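If you read the protein sequences in the order shown, they are chains Z and P. Letter by letter, the first sequence follows residues 1 to 259 of my numbering. Letter by letter, the second sequence follows residues 1 to 259 of my numbering.
Take these hints with a grain of salt, some might be off.
Note that identical chains are pooled: a pair holds if it fits in a single copy or bridges any two copies.
[Unchecked claim] Dumping the calculated DSSO-like pairs for lysine-lysine here, alpha-carbon to alpha-carbon at most 27 Å:
hint : residue 1 : residue 2
1    : K69       : K85
2    : K200      : K118
3    : K136      : K117
4    : K229      : K245
5    : K213      : K200
Simulated from the structure, these hints should not be mistaken for laboratory data. Just so it is clear, the structure is predicted and the values come from calculations on it, not from any experiment.
Next come the chains, spelled out residue by residue.
Number of protein chains: 2
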Amino acid sequence: MGFNCVLIGAGNLATHLGEELKSKGFQIVQVYSRTEESVKTLANKLETAYTTFTNEVTGKADIYFIVLKDSVIEEVLPLINFQNKLVVHCSGTLHLSVLKSYSENYGVLYPLQTFSKKRNVIFSEIPVFIEANSEKNLSIINSIATKLSSEVKVTNSEERRILHVAAVLACNFVNHCYALSEILLEKKGFTFDILQPLIKETADKIRSMSPKKAQTGPAIRFDETIINKHIELLSDNTELANLYKTISKSIFNLYQKPE
Amino acid sequence: MGFNCVLIGAGNLATHLGEELKSKGFQIVQVYSRTEESVKTLANKLETAYTTFTNEVTGKADIYFIVLKDSVIEEVLPLINFQNKLVVHCSGTLHLSVLKSYSENYGVLYPLQTFSKKRNVIFSEIPVFIEANSEKNLSIINSIATKLSSEVKVTNSEERRILHVAAVLACNFVNHCYALSEILLEKKGFTFDILQPLIKETADKIRSMSPKKAQTGPAIRFDETIINKHIELLSDNTELANLYKTISKSIFNLYQKPE
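Using the sequences and the accompanying hints, generate a full structural model.
See the structure below:
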C-alpha cells in the first residue's frame, strides 16, 4: 500500500476520487488537466502539485488514474509517457483495452455514482467495478478499491457498459425529468420544492418494491383523455410534448407486453 | 367537523385517503367501486359498508369523494344521485367544472403524491391542492384538507393541471426510467439493487441543488462516442434505443439553449 498516485483529470469524479484516495492514506503526487482553473483548485484541495501540460506529467508515480471525460481519454493517453506504470481508467463505457497501447499494466476502477464537486458522497457505499490486464494488477486495484468502498466487484468491460447504460437511465434521465418539471413549474410561478415529497417517495418506494410494480399515473392506465390534455398543455414546447408522448407510449407498452 | 363521507372508488388513492380520513376522525359510511374485490378489501379495512352498484350509493352522506381513475369519472358521475351534497374529486387534471352538473356543491382535493396500496405514506407531508365552487364549500374542504396535511394550498384548475404534468414527469417518468434500467440489468444477470446508492443520491442531490445544475453523464457533455456505444448496446430493443436517443437529445438541447 501507500502508492503514489497521479490524477489525469480534475472534474467531478477526479475531485471525489482524489479526496477519497487522500483520506485513505494514498499520496496524490500530481494532478493534470488542461483547464488551469480546475486543476489548480483540485491541487490546492489535495495539497499537491499540478500541471496543464501532458509532457510535464511525472513519470515517478505508481498509479495513474485517468479521470477525464470519455471523449478525450483517447486523445490524451498518447501524449503521456506512463513508463509502464499502472494506468487505471474510471469510465463505465470504455473498454479495458483502450489502455493497452500505453502501458503494460492497466485496469479499470469504475464507481457507479453521480458526482458533483459541491456535493459530498459516502464513497464506502458506492459500488465499484474493477478489471485489469493481469491478476497482479487486479489485485493491486482491488486493494485500493476495497479501501474506498465496501462494494467492490470484478466485472468485464461488456458488463460494465451495461451498468453504465442502466446508470444513465436511472440517474441522468431521471435528473432530466426533474429538470423538465422544475422548468415547467417555475414558468408558472410554482417552486420546484412542491415536488420534493413526491420525488422522495418515488425513489424510496423502489427500495422495497420493484419499479415495475411501483408505477402509477395516467400512462400505465393508458388514460388517453388525460395524456392528451397534458400534451395539449405542453403544446408551446414541441420537444417536451414529444418527449411526453414518447415516454407515455413506452410506459404503456411495457405493461402491455407479456414478460 | 365529523362529516360522514362516501368514497367513490377503491384504488390506490381511495385506500390511502380513506384510511387517512378515518384516522382523523371522519366517518366513512360507504365505499363504492364496480370491482367487487377492491371494494370489499377497502370496506373491510375501513370497517364500513360497500356497494358495487351506483344506484345503491347512499344519499345520506355529507361528502362524496370521487377517487376513480380520471377516464371513468365522467361516466360514473351521472349514475349517482348526490342530492346536492358536497362532491369532491381528487384528480390533478380534471377541471373543477366537470362536477357542476351533478351537484350544487362541489370542489377538488388533490394530493400530490404517488400512492400504492401496499406502501405507507406520511400524509401530513403531502402537498394538497384544493378548489371549490363557493367560499363555503372551499372552507369545508379546507377544514378537511388541513386535518390531513400541513401543506394545503388553494389552486385553480389550470394551475393544478400544471402540477399534475410536473408530477408525471418527476414521478411516473422517473419510475419508468427505474423500470427500464431494472429490466436491462436483470437481462444481464445483475440485480437492480446495485443502482440503489445512485438512485438515492440522484434524488437526494436535488434537495440542495437545482436539477439543472445537478446533471452529469454523457448527454450533457454531448459525448457522442459514448452515446453511440450505448445506443448500439440497446440495438436489440428499438424502442429503448429510440428513447435513449430522444432523452439524450433533450438533455443536450436543454444545456445548449440560453434560458
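When no copy is specified for K200 and K118, does a C-alpha distance of 27 Å or less occur within a copy, between copies, both, or neither?
both (21 Å within a copy, 17 Å between copies)
Homomeric proximity label, K69 with K85: Cα distance no greater than 27 Å:
Result: close within a single copy only, 21 Å intra versus 63 Å inter.
Intra/inter-copy verdict for K229 and K245 if alpha-carbon distance must be at most 27 Å:
So K229 and K245 pass the 27 Å test inside a copy (11 Å) and across (25 Å) alike.
Alpha-carbon proximity between K213 and K200, which holds within one copy, between copies, both or neither at 27 Å:
For K213 and K200, both the intra-copy (17 Å) and inter-copy (19 Å) Cα distances are at most 27 Å.
27 Å Cα cut-off: does K136 pair with K117 within a copy, between copies, both or neither?
neither (33 Å within a copy, 52 Å between copies)
Comparing the model with each numbered hint stated earlier shows that hint 3 is the single one that does not hold.
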